[in-house]
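Chemist: What follows is each chain in one-letter form.
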Amino acid sequence: MREQFDVAIVGAGPAGISAAHVLGGRGIKTIVFERGEYPGAKNISGGVLYGHDLARILPDFREKGCPIERNIVESRLWYLSNDGGYSVAFRDRAFCDRLFLNAFTVGRARFDRWFAEQTKEKGILVVCSTVVTDLLRDARGQVIGVMTDRPEGDVKARVVLLADGINSALAAKTGFRPEPNPHDVALAVKDVIELPEELINERFNVETGQGVTTEIIGEITEGMDGVAVIYTNRNSLSVCIGANLSDFVKSRVKPYEMLERLKEHPMVAPLIRGGQSKEYMAHWVAEGGYDSIPGLSGNGYLIAGDSGMLFNALHREGSNMAMTSGRFAAEAIVEAFDKGDFSSNGLAGYLERLDGSYIMEDLKKYRGFGKFRLEHHELFTTLPRLHSFAAREMLTVDGVSKKEKQRIIWKAIRKEISTGKMIRLFRHGWGSIK
Amino acid sequence: MTVKIEDKLFLDRFRVDEEPHIRIIENAVCMDKCEEQPCLYFCPANVYRLEKDRIVVAYEGCLECGSCRIGCPYLNIEWRFPTGGYGISHRFG
Numbered sequence: 000m001r002e003q004f005d006v007a008i009v010g011a012g013p014a015g016i017s018a019a020h021v022l023g024g025r026g027i028k029t030i031v032f033e034r035g036e037y038p039g040a041k042n043i044s045g046g047v048l049y050g051h052d053l054a055r056i057l058p059d060f061r062e063k064g065c066p067i068e069r070n071i072v073e074s075r076l077w078y079l080s081n082d083g084g085y086s087v088a089f090r091d092r093a094f095c096d097r098l099f100l101n102a103f104t105v106g107r108a109r110f111d112r113w114f115a116e117q118t119k120e121k122g123i124l125v126v127c128s129t130v131v132t133d134l135l136r137d138a139r140g141q142v143i144g145v146m147t148d149r150p151e152g153d154v155k156a157r158v159v160l161l162a163d164g165i166n167s168a169l170a171a172k173t174g175f176r177p178e179p180n181p182h183d184v185a186l187a188v189k190d191v192i193e194l195p196e197e198l199i200n201e202r203f204n205v206e207t208g209q210g211v212t213t214e215i216i217g218e219i220t221e222g223m224d225g226v227a228v229i230y231t232n233r234n235s236l237s238v239c240i241g242a243n244l245s246d247f248v249k250s251r252v253k254p255y256e257m258l259e260r261l262k263e264h265p266m267v268a269p270l271i272r273g274g275q276s277k278e279y280m281a282h283w284v285a286e287g288g289y290d291s292i293p294g295l296s297g298n299g300y301l302i303a304g305d306s307g308m309l310f311n312a313l314h315r316e317g318s319n320m321a322m323t324s325g326r327f328a329a330e331a332i333v334e335a336f337d338k339g340d341f342s343s344n345g346l347a348g349y350l351e352r353l354d355g356s357y358i359m360e361d362l363k364k365y366r367g368f369g370k371f372r373l374e375h376h377e378l379f380t381t382l383p384r385l386h387s388f389a390a391r392e393m394l395t396v397d398g399v400s401k402k403e404k405q406r407i408i409w410k411a412i413r414k415e416i417s418t419g420k421m422i423r424l425f426r427h428g429w430g431s432i433k
Numbered sequence: 000m001t002v003k004i005e006d007k008l009f010l011d012r013f014r015v016d017e018e019p020h021i022r023i024i025e026n027a028v029c030m031d032k033c034e035e036q037p038c039l040y041f042c043p044a045n046v047y048r049l050e051k052d053r054i055v056v057a058y059e060g061c062l063e064c065g066s067c068r069i070g071c072p073y074l075n076i077e078w079r080f081p082t083g084g085y086g087i088s089h090r091f092g
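Going line by line, the protein sequences match chains E and S. To convert, note that position 354 of the first sequence is 353 in numbering that gives the first Met the number 0; the numbers rise steadily by one, no gaps. To convert, note that position 38 of the second sequence is 37 in numbering that gives the first Met the number 0; the numbers rise steadily by one, no gaps.
For the record, the hints were derived by calculation from the structure and aren't laboratory data. One or more hints might be untrue.
[To be verified] With beta-carbon atoms standing in for the labels, derived distance ranges: (1) S:Lys51 / E:Gly208: 54 to 60 Å; (2) S:Glu50 / E:Asn180: 28 to 34 Å; (3) E:His376 / S:Leu74: 40 to 46 Å.
Fair warning: this is a prediction, and the values are worked out from it, not measured in the lab. By construction, the Cβ of each residue, glycine as well, lies at the ideal position given by its N, Cα and C atoms.
I would like the entire structure built from these sequences, with the hints used as guidance.
Modeler: Encoded structure:
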């Protein structure tokens with residue numbers, strides 16, 4: 000391929016394809032490289048996408064056949080000990096009408112493929128089964144294209160958009176983004192468990208087409224800083240569990256064994272009973288937050304989505320940031336073409352847009368959240384155990400007075416965690432999210 | 000725990016590249032320097048297995064998360080993407 004393109008995009012995920020939609024709409028000659036056999040072949044997320052950010056790119060995504068699994072009407076939070084735990088849930092009628100498709104589940108192999116197909120009518124070329132192995136640079140260091148693993152696979156472009164995900168070997172190799180530290184990523188594993196649609200409706204107390212997300216923390220991550228989720232798809236459940244990679248390296252816990260133990264937990268087992276595992280996958284989650292974000296633009300290139308570590312760990316929002324950062328990148332590229340300037344100066348509109356949006360606002364707000372979790376492992380050990388002990392004690396009818404039970408509970412708490420530590424925990428916790 | 004990683008990987012679709020995309024740079028580092036050998040545990044596909052005098056790499060079942068590349072305490076693992084179109088292909092994702 001000796002052709003000259005205006006823009007080369009690395010990665011046909013939500014960030015890259017969002018950018019392609021915008022660029023195609025402006026008639027900018029764009030090529031997208033995807034290392035999988037098809038877009039989505041290498042991609043996973045828990046499975047929640049957000050209508051707001053998608054509609055800014057494809058307002059009629061529903062009419063165009065977006066492969067939606069279920070519209071999320073209820074969000075559950077569980078705080079679990081090994082034997083049980085607490086559950087809170089929020090459901091609102093608004094998520095069925097006014098806020099319909101505020102959040103919805105997808106299988107990324109289907110969604111990403113569909114999303115990429117929609118760019119064809121805009122003249123975008125998506126080339127699959129192709130790894131971008133390096134970037135082409137001129138004598139001044141300006142990025143002028145990509146090298147691929149195809150024969151004669153160099154492709155020149157005025158601007159390269161790196162949207163190749165959290166595990167971006169390319170970013171590391173080119174030095175545009177240093178390798179993440181193990182404590183900046185979580186390693187998550189996922190099972191897709193097939194169940195009949197009606198059975199999922201019954202077990203989750205929803206109508207056809209409606210879905211539930213469940214976010215879980217507690218003893219399930221075996222002392223590690225981590226989280227599990229259960230998301231409803233049309234006729235399957237996504238069951239994921241992950242923990243900070245630096246904790247995995249120390250703990251000797253095998254990820255797939257931890258996943259199997261989660262599936263046997265008394266809160267989880269009844270939901271998946273009779274289901275059949277269909278697929279098993281693993282992926283990183285960008286947990287480092289604001290302080291792990293690399294330089295997102297330079298001469299001739301931009302970085303968007305997970306590759307730029309744009310992920311809000313507290314609210315499990317990443318796909319929305321990928322789409323919107325991809326859109327911002329494309330809008331900045333359009334400006335660069337108007338000006339004829341592809342230096343970092345000409346592309347400055349990207350960082351301006353990010354800084355002026357919810358993306359950087361949110362990531363700044365929660366910049367201390369990852370550190371807080373890593374410094375307070377009792378969140379995943381002592382605390383859920385004590386919480387469960389307290390509730391079980393108060394609910395046990397055994398002739399012991401409530402006052403005496405209270406005394407027993409306080410004694411147990413004080414034995415395991417000092418008042419000073421408790422105060423520090425609350426102060427750090429609040430400070431990291433306020 | 001009765002789960003076998005082979006049973007889980009059996010659910011996935013792989014197109015195996017003849018050339019490995021993972022390589023241990025220096026076996027002596029694993030055997031002499033690395034006491035913990037955490038790759039034997041944290042790899043979600045159990046790609047790394049200890050044999051008598053070395054760690055073998057079953058790259059065929061790699062889920063391509065990248066954890067070993069940065070989690071190896073001695074950064075002794077060379078890891079690249081499988082050739083385009085090879086490796087795992089998610090059907091649901």
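Chemist: Hint by hint, which ones does this structure get wrong, listed from lowest number up?
Modeler: Those not satisfied come down to hint 3.
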